[in-house]
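*Asks:* So the chains spell out like this:
Protein chains: 2
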Amino acid sequence: MNPLTIQPIGIVKTISPEPEGDDWSKVLSELHIDEAFASGLEGLGDWSHIVVIYSMHGSQFSPEEHLVRSPGLDLPEVGIFAQRARFHPNTIGLTAVRLMEINDTVIKVKGLDAIDKTPILDIKPYAPIYDGVQDPLVPAWFIQLMQGNV
Amino acid sequence: MNPLTIQPIGIVKTISPEPEGDDWSKVLSELHIDEAFASGLEGLGDWSHIVVIYSMHGSQFSPEEHLVRSPGLDLPEVGIFAQRARFHPNTIGLTAVRLMEINDTVIKVKGLDAIDKTPILDIKPYAPIYDGVQDPLVPAWFIQLMQGNV
Numbered sequence: 001m002n003p004l005t006i007q008p009i010g011i012v013k014t015i016s017p018e019p020e021g022d023d024w025s026k027v028l029s030e031l032h033i034d035e036a037f038a039s040g041l042e043g044l045g046d047w048s049h050i051v052v053i054y055s056m057h058g059s060q061f062s063p064e065e066h067l068v069r070s071p072g073l074d075l076p077e078v079g080i081f082a083q084r085a086r087f088h089p090n091t092i093g094l095t096a097v098r099l100m101e102i103n104d105t106v107i108k109v110k111g112l113d114a115i116d117k118t119p120i121l122d123i124k125p126y127a128p129i130y131d132g133v134q135d136p137l138v139p140a141w142f143i144q145l146m147q148g149n150v
Numbered sequence: 001m002n003p004l005t006i007q008p009i010g011i012v013k014t015i016s017p018e019p020e021g022d023d024w025s026k027v028l029s030e031l032h033i034d035e036a037f038a039s040g041l042e043g044l045g046d047w048s049h050i051v052v053i054y055s056m057h058g059s060q061f062s063p064e065e066h067l068v069r070s071p072g073l074d075l076p077e078v079g080i081f082a083q084r085a086r087f088h089p090n091t092i093g094l095t096a097v098r099l100m101e102i103n104d105t106v107i108k109v110k111g112l113d114a115i116d117k118t119p120i121l122d123i124k125p126y127a128p129i130y131d132g133v134q135d136p137l138v139p140a141w142f143i144q145l146m147q148g149n150v
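Taken in order, these protein sequences are the chains called A and B.
Position 53 of the first sequence, counting from 1, maps to 53 under our numbering, and the rest follow consecutively.
Position 62 of the second sequence, counting from 1, maps to 62 under our numbering, and the rest follow consecutively.
Chain A on its own, in the form it takes in the complex (with noise of 0.2 Å):
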């Protein structure tokens, strides 16, 4: 299969202190979209969420570390696409996240986890239809991940 190659469209700047821990959810962020694109953004603040898409610039899949590995401390192993780990083979960062306001092509979101500087790949808005599932299973593991029991 033949590569694809992708311009970012823009970059990430957190204005909140990126956290300690993995809880990203109050992190607020701004997109800075190219000015190109300006028009393209236009009735974006009629939906209250979207979605980003964004490189992970500074991640690297290794087979031998990332192709099946534990998740977290004391966790069984699972393949890396079973899991959110940022090494997948190709390092694309993916998530919903709350849109706050637009200014001109600088969009401010909540709950981005990407650090400062990410380019971001494309973002389209939330729609439950193909991005909202009902009662989605997820392992127990997972669970005890977001606990943070472990």
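Source of the hints: derived by calculation from the structure; they are not laboratory data.
Careful, some of the hints might be misleading.
Partial selection, computed: residues in chain A whose CB lies under 8 Å from chain B [as the list claims (entries may be wrong)]: (1) 15; (2) 37; (3) 42; (4) 56; (5) 81; (6) 129; (7) 130; (8) 136; (9) 138.
Coverage of chain B stretches by chain A, computed from C-beta distances (three or more under 8 Å per stretch; other residues unrestricted) [claimed, not checked]: (10) 14–22; (11) 33–42; (12) 62–74; (13) 82–93; (14) 109–123; (15) 138–146.
Built from N, CA and C at the ideal position, the CB exists for glycine as well.
Using the hints provided, position chain B relative to the given structure of chain A.
*Replies:* Relative to chain A, chain B alone:
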């Protein structure tokens, strides 16, 4: 910003006939993942849903045509980032789907709105903390579009 090169990890094979309209919710597809990543799928079956990130390789963004456009007949023009059209500057697709079955490196899913031979960029397990939103607001035009009233 530097462009990013992404190597697809697999390819979509639709096994239902593709719908004539926009309703892909019942479409069954297989995700054929590269054998090199076989062990990376371990444990994926413990999740009920996955998010598929794919390349809409047949779509091509044109600023003149797509930056601001109507999402459907008689609907108001809005920016491309305020709609789920496949003409975003980076034609990355994103859909949460039901995981039906896994056989070796073939993942059967339901509800993927991607045509046959679509390159797959990543898959992630659907985790409410990253992907779910409580009571998102969507614009009136989007509700009309989804109800097929346009």
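*Asks:* Indicate, hint by hint, whether the structure satisfies it.
*Replies:* Going down the list of hints, with the structure as the test:
A hinted interface residue such as residue 15 of chain A counts as satisfied when its beta carbon comes closer than 8 Å to some beta carbon of chain B; here the least separation is about 20 Å, so the hint is violated. Restraint check, residue 37 of chain A versus chain B: the minimum CB separation of about 6 Å is within 8 Å; hint holds. With a cut of 8 Å, the hint placing residue 42 of chain A at the interface with chain B holds, because the nearest CB-to-CB distance is about 4 Å. Violation of the interface hint for residue 56 of chain A is found here, the shortest Cβ-Cβ separation to chain B being roughly 10 Å, above the 8 Å cut-off.
A least Cβ separation of about 5 Å between residue 81 of chain A and chain B falls short of the 8 Å threshold, and the interface hint therefore holds. Taking 8 Å as the C-beta contact cut-off toward chain B, the hint placing residue 129 of chain A at the interface holds, the least distance being around 6 Å. For residue 130 of chain A, the suggested interface contact is upheld, since its CB lies about 5 Å from the closest CB of chain B, less than 8 Å. Residue-level restraint check for residue 136 of chain A holds (minimum Cβ-Cβ distance to chain B is 5 Å; threshold 8 Å).
The interface hint given for residue 138 of chain A is met, as the beta carbon of that residue sits about 6 Å from the closest beta carbon of chain B, less than 8 Å. As drawn, the stretch 14–22 of chain B meets chain A at 0 residues by the rule of a beta-carbon pair under 8 Å; below three, the given contact is violated. Counting residues of the stretch 33–42 of chain B whose CB falls under 8 Å from any CB of chain A gives 7; the rule of at least 3 is met. Counting residues of the stretch 62–74 of chain B whose C-beta lies closer than 8 Å to any C-beta of chain A gives 3; at least three are required, and the coverage claim holds.
Chain A is given as covering the stretch 82–93 of chain B, and this holds because 7 residues of the stretch bring a CB closer than 8 Å to a CB of that chain, at least three being needed. With a threshold of 8 Å between beta carbons, the proposed coverage of the stretch 109–123 of chain B by chain A holds, since 5 of its residues qualify and at least three are required. Coverage of the stretch 138–146 of chain B by chain A holds. Counting CB-CB distances below 8 Å, 4 residues qualify, and the rule asks for three or more.
Of the numbered hints stated above, those contradicted by the structure are hints 1, 4 and 10, listed in ascending order.
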